[in-house]
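Colleague: Could you slot chain G onto chain S? The hints should help.
Single-letter residue listing:
There are 2 protein chains.
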Amino acid sequence: MPAAERGPAGICGIDIGGTGCRVAVTTPTTGPSTARVFTGSGLRIGGAGLDVEDLMLTLEPLVAAARDASGARSLDTLVLGAASLVTLLRNAESVHAELHARFGAHTTVLASDVLTSHIGALSAQPGVVVAAGTGAVALGTDHANLWQRVDGWGHLLGDAGSGAWIGARGLEAAYRSYDGRVGGSAGLLDRLLERFGTPEDLVRSVYTRQDRAAVLASFVPDVAEAAAQGCAVALGIFRSAGRELARTATAALVDGLPPRIRWVGGLFEASPDLLEEFGQELHRGHVSLDLAPGEGTSLEGALQLGAATALGSGPEQREGFLSTQHHWTGRPQQPGRSA
Amino acid sequence: MPAAERGPAGICGIDIGGTGCRVAVTTPTTGPSTARVFTGSGLRIGGAGLDVEDLMLTLEPLVAAARDASGARSLDTLVLGAASLVTLLRNAESVHAELHARFGAHTTVLASDVLTSHIGALSAQPGVVVAAGTGAVALGTDHANLWQRVDGWGHLLGDAGSGAWIGARGLEAAYRSYDGRVGGSAGLLDRLLERFGTPEDLVRSVYTRQDRAAVLASFVPDVAEAAAQGCAVALGIFRSAGRELARTATAALVDGLPPRIRWVGGLFEASPDLLEEFGQELHRGHVSLDLAPGEGTSLEGALQLGAATALGSGPEQREGFLSTQHHWTGRPQQPGRSA
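If you're matching them up, the sequences are chains S and G in order. The first sequence runs 1 to 339 under full-length UniProt numbering. The second sequence runs 1 to 339 under full-length UniProt numbering.
Just so you know, the hints here were simulated from the structure itself, not pulled from any lab data. Predicted model only: the values in this text are computed from it and were never measured. It cannot be assumed that every hint is accurate.
What the hints assert, rightly or not - Rough simulated footprint, nothing fancy, chain G against chain S, three-plus residues with beta-carbon under 8 Å:
id, segment
1, 149-157
2, 162-174
3, 179-190
4, 197-207
5, 240-253
Said to hold, decoys possible - Have a look at the derived ranges for each label pair, beta carbon to beta carbon:
id, chain 1, residue 1, chain 2, residue 2, range
6, G, D54, S, H283, 38 to 44 Å
7, G, R195, S, E225, 57 to 63 Å
8, G, T208, S, G197, 26 to 32 Å
9, S, R195, G, E276, 38 to 44 Å
10, S, E269, G, E269, 46 to 52 Å
11, G, L57, S, S33, 54 to 60 Å
No residue lacks a Cβ here, since even glycine has one placed at the ideal position from N, Cα and C.
Just chain S, with the same shape it has in the complex (with noise of 0.2 Å):
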């Protein structure tokens, strides 16, 4: 890193989930909510896990263009929140090793993006915080002892009320209108035909690919469309999504955590019968609740964490961080402090 002593040491702030990826650097004299923000692809999962190789090459043009627009020489700390990290990353060493070698950070942080969009949300005071987009999980923390994450177990095993899970409950129930079964919506049937053709063509196209959660989760806007006409099938799944993602948010409060709930996520805004019950069910179980809409998005929380970790003040200094996984921080001089 021949000029990484001549301009300002950035942080480099990355989101990144199945459908995108955000890229952002600070500076002493640009903040989280003032830098440039960079776009790019999302997360390709294959069958070997996640590719690394890829997801180099994503990164590589939008961290140079941030750090370009940030006007700084060199990264001081670079944090990469991701979706899935904890279950699908199988080999940390070597993203901390590429980002290293690529971006030359001093530090390295690998971060759930449901830690990222704790930190972002509720800026890092203790409490919870519930995201929900293609996918739903929900993270209660005081960032010290208590460590709770529910759900994100994905579209197959969980993220109950997530977009796949509403998404899939509105195709099912197309189909059923389609085969003459009960519990069908003739509404939702028209719009599956719409967007994907015939309910074979569906079928052909879902299951060889490999973002089955995000076509799922595609069908999100038209099941809000039917619920907004009166169609009682959509409404009852965006009913049953909001008390779902209630749960998943309750589950999260463990004892020693105060009452305090964000949420993020375009799911949120995908209709006002969703947010409505989610409400309600979590103010009838909890008298005083703190509940609001998160406060900062998932890559202010990466570049948080970063500026944090930057200080020697970031939670992952802490015994919580690193027992619990929720994130591994790499240093080449100090390979032994990844976990």
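Modeller: Okay, now just chain G, sitting in the frame of chain S:
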């Protein structure tokens, strides 16, 4: 085919699904119930759909062994009954051509396995068959004008009440218990841990495999064991499955068909609760219902269809079969017959 005229001509029946393949050959002296059955692996559906080459590699030794065991010198007719044929087979012509080239059959028939199940279960009588294993599908037909196929949309879009459906709900309940969400079952969680390792292990494996429906369905014996030991969640899953399968059968019993329903597939033996609820739900809806397990297997159905085709009396001679695309017949001399 130099040897074609020197021995009796056989009828080859093939029944192939996601988890296995069964092949038998009949001759004028060995009927469908006495022919020796040869078994192999199931269909692999890759990113490009059905892999024809892979299918042929699976079939080649099985068909040769079945033909040799039967004493047939050549094959008159070959019937391939396959799961998801209608929706996943992109190139019927090439399958016909390959089957003809490799096995020398005069006539090749590609049929949906729900049709061969129907013929086997009902001995070609009009009525409804509902087939449940890893997937679930029903067909109501009189082999003439009425053709009502219901469900069979796969584990992401339907297959309500199937093995994959039951397994997914059982696993969801296990993850709910692990998370501390409502609706969980500690008993099912214990069984998940025993069969799949940690909850993260299952996530890692299921989303990187092609045979996800089979992985889900592999949990059915565990759900059945839990139900037998009184687990209310597991019992509820089997009862819901029974109701779903009854609704699928009901939707296939269109006006004009006699109220005759046959069930086939291993799932109906997985739990007495499923079968009881299935029967109760059907009898609630239909006063004078003729409800019984199927008489013969789908392999026997494929052999019956082959024999009828060879005699020129097969249902493919009738308008209904060709127009509804429940099977395709190919003859090298009459390429126009394939539709």
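Colleague: Taking the hints in turn, state whether each one holds.
Modeller: Going through the hints against the structure:
Given as covered by chain G, the segment 149-157 of chain S passes the check, having 7 residues with a CB less than 8 Å from a CB of that chain where 3 are the minimum. Coverage of the segment 162-174 of chain S by chain G holds [criterion: at least 3 residues with CB-CB distance below 8 Å; count 3]. Counting residues of the segment 179-190 of chain S whose beta carbon lies closer than 8 Å to any beta carbon of chain G gives 5, which reaches the threshold of three, so the coverage claim holds. A stretch counts as covered by a chain when three or more of its residues have a beta carbon under 8 Å from one of that chain; for the segment 197-207 of chain S and chain G the count is 7, and the coverage holds.
Coverage of a stretch by a chain is defined here by at least three residues with a beta carbon nearer than 8 Å to that chain's beta carbons; for the segment 240-253 of chain S and chain G the count is 4, and the condition holds. A hinted range of 38 to 44 Å for the beta carbons of G:D54 and S:H283 is inconsistent with their spacing of about 55 Å. About 41 Å separates the C-beta atoms of G:R195 and S:E225, a value inconsistent with the hinted range of 57 to 63 Å. A hinted range of 26 to 32 Å for the beta carbons of G:T208 and S:G197 is consistent with their spacing of about 28 Å.
At roughly 39 Å, the beta carbons of S:R195 and G:E276 sit within the given window of 38 to 44 Å. Evaluation of the 46 to 52 Å hint for S:E269 and G:E269 yields a pass: the beta carbon distance comes to about 47 Å. Between G:L57 and S:S33 the C-beta distance comes to about 59 Å, which sits within the given range of 54 to 60 Å.
When the structure is compared with the earlier hints, violations turn up for hints 6 and 7 and for no others.
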